[in-house]
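Here is what each chain is made of, one letter per residue.
2 protein chains.
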Amino acid sequence: MEYLFENITAVTMDRDEPVIKGAYIHVKDGKIAYLGTVRPECEAERIDGRHKVAIPGLINCHTHVPMTAFRGYADGYDLQTWLNQYIFPAEDRLDDRAVAACTDIGLAEMMASGISSFSDMYMFCDTIAEHTEAAGLKMNIARGLTCFSDEFDFRTYPSAVETSELLGRWNGADGGRILVDACIHGEYTSNEKVWRSVAEFAAENSLGIHLHLSETKSEHEQCIQKYGRTPARVFADCGVFDVPVNAAHCVWVSGDDIRLMAESGATAVHNPVSNMKLASGIAPVPELKRAGINIALGTDGVSSNNSHDMFEEIKLAALIHKATTFDPKMITAFEAIEMATVNGARAQRREDSGRLREGFDADIAVLDFDRPHLTPCHDVMSNLVFSARGSDVVMNMVRGEIIYKDGEFLTLDIERAKYEMERYVLPTVCGVK
Amino acid sequence: MEYLFENITAVTMDRDEPVIKGAYIHVKDGKIAYLGTVRPECEAERIDGRHKVAIPGLINCHTHVPMTAFRGYADGYDLQTWLNQYIFPAEDRLDDRAVAACTDIGLAEMMASGISSFSDMYMFCDTIAEHTEAAGLKMNIARGLTCFSDEFDFRTYPSAVETSELLGRWNGADGGRILVDACIHGEYTSNEKVWRSVAEFAAENSLGIHLHLSETKSEHEQCIQKYGRTPARVFADCGVFDVPVNAAHCVWVSGDDIRLMAESGATAVHNPVSNMKLASGIAPVPELKRAGINIALGTDGVSSNNSHDMFEEIKLAALIHKATTFDPKMITAFEAIEMATVNGARAQRREDSGRLREGFDADIAVLDFDRPHLTPCHDVMSNLVFSARGSDVVMNMVRGEIIYKDGEFLTLDIERAKYEMERYVLPTVCGVK
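If you read the protein sequences in the order shown, they are chains A and B. Each step along the first sequence adds one to the number in this note's numbering, with nothing skipped, and position 229 is 229. Each step along the second sequence adds one to the number in this note's numbering, with nothing skipped, and position 239 is 1239.
The shape of chain A in the complex, shown without the other chains (with noise of 0.2 angstroms):
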């Protein structure tokens, strides 16, 4: 299908020109064939786009998609009896059935609010990547990875195992719509051995890491004790940072872990709402934008959120800097923006993602910006960031296929995923009866 959005408000995350008013967007083989003022000719569905505000699919740098079967599950406990008492026995319990339950609702969620593309990092992944490359996300996927053993081989743990697959079999599908990242669950979950092996598989690879950083204040400070080093430190001692890596949370590096992340070229991904729910803390965002750190935004699982609603984040990210440092002008607008898209794609080393631009990938969410709570629009950038929801999408394009369009889900069975979640997933997984 070829497309042409008429007198649409373009968010483009373009410096120069981030806001294009009255612009025309043609779409075509899944990419952005023109943007501009100017009607292109063409035999295109047209679009009317007044009143709306087209931006770039917004990518989700960290969560864990299936986990949607726990949200709000044994809330209100502390950190570690809801884990080991209630989240660890209930994913023992999980299969591929109720994990295409669960994909599918999270999915629906993130297509509803304007996601195109995100990071996951959990088990069951042939059935995450089946489903998502079903519903026409693009993702990054990684293939959670714990291990304390010493005999740690990564030809034959069983998930380092499934990792390798997972790479065979789906890095690049579908015309790049599926990567595959490699993993370290994190450093409190692993040792040196996992950690250069994981590397070494990175790089001979081409592939990224995605992995869990100094997320508690507890896990930090035990690795010093253990290591006399930081995880960052550890981590990089150990030639993980000689990828690119995806660093999720980052609320307690330190300063020197910063310096190294910026050298390195890693992504900071900022969870705010999951460490704030967690009370893990609030992550040094203004000491990682000072330091030129590509810093990306993430749901994290629903879990310990409870929404994949990332205009929560966006709000978050330029909202709660701001409370820290006294300072009103502390992440903009704008720079909430680019963390949702321009540095998520950079993040997900997908270089035609995350504006809108001739060339790119027409990943486009669209905004019905006719409605109370965004009226007047004073500023298009102030509006998306302080004003509007999640729910204010009424159209999601990925790759020039419309995915979502006023509350109707196109590429996803979402009755059958809420039958399943009810009949299957909550009395087998959860115990619910």
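Hints are computed from structural coordinates only; laboratory data are not their basis. Just so you know, not all the hints are guaranteed correct.
Unchecked claim - Derived DSSO-like pairs: lysine-lysine, alpha-carbon spacing no greater than 27 angstroms straight-line: (1) A:LYS418 to B:LYS1433; (2) A:LYS21 to A:LYS329; (3) B:LYS1405 to A:LYS52; (4) B:LYS1418 to A:LYS405; (5) B:LYS1021 to A:LYS21; (6) A:LYS289 to A:LYS217.
Claimed, not checked - Some chain B residues near chain A, calculated using beta-carbon distances under 10 angstroms: (7) ALA1108; (8) GLU1287; (9) HIS1373; (10) VAL1380; (11) ARG1389.
As the structure is a computational prediction, the values presented were derived from the model and not from experiment. Glycine included, every Cβ here is placed at the ideal spot set by N, Cα and C.
Guided by the hints, dock chain B onto chain A, whose structure is given.
Coordinates of chain B only, in the frame set by chain A:
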């Protein structure tokens, strides 16, 4: 009209049974005539409650509703430039016609996101009251009062005279739908003579006082420099806390301030989004709670938010204090909803509001829980706080009257308000061509 909600999940906010599933709610003469799990005999119009959650209408305890004109206006300037060069000159150009449109936009936002009642402080109060009465919301209105003159006389000073007139015309109007509060804008915008006069006026007329308290560090510290006492203490010394006080912000209140607020029965209105956006800081809600102070929630005017969606304040109130105390159990989901309902009603001195209970006003917001981001629902309270958004509200009933349903505003001409905003307010007030 009589209504009967059938098979609905009712969030009563009673501590002994906060959530009742499969509930029937019979609404008659503006009141909740019955709430329970047995179907009552009645001739009421039935409302299907399957997959729906009914909550007490939310109470927004601090806003300046006509400031919708300034949503995102001159965003990105520092506070003093923004106020002095943009907001104050624009406010000087407001008139009744402009305020009418601006109020309607703000009311619509609130109606669409489940707010039944709000506390406002602004100018042009007759216009605000007329439009609020017509739209069917409840409101406590206060005429903003600022004055530095030692000649201040409540009987002759213009905004004090307006307060007296407002009292005669509107206090208790429409069966108590509109109530009038006295007002001290803030310590830094008035003097002792004003505080004593307002306290006397409020005491004589059995009114509460709506004021800003210790919102910014500089305002708090300059007061100590000037008077050798904090703003709360200088107010108390003038009798202000001898009447019920609604103190917005309270970001910088001291331990002594907290004690005197607790002893006087004052309400602290927490405005987390506004306090972050203006880089004021984070209110010491854990300390306020420990002292037993009634804590309500407010959006503040949308020029410093930029939204009237109380679900954002609720989620942030539940999140942010977890991050600052490193305690994942700090401010539970129940407590966050309590701030937005029960505590708000107490702040507004509306004893028959804020809960779903027989004999209470039928102020009921209905949310559609059959949505991907609310699936599954292990815990209604958790989903309400951490997963729901204002856009999940599908019906807003105030005093038994449905004022909003499925995107339709039944008591307000939203198209006219948007037209007026575009054609009159923006060019006249904001200088937008």
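### Hints not upheld, ascending by number
1, 5, 8
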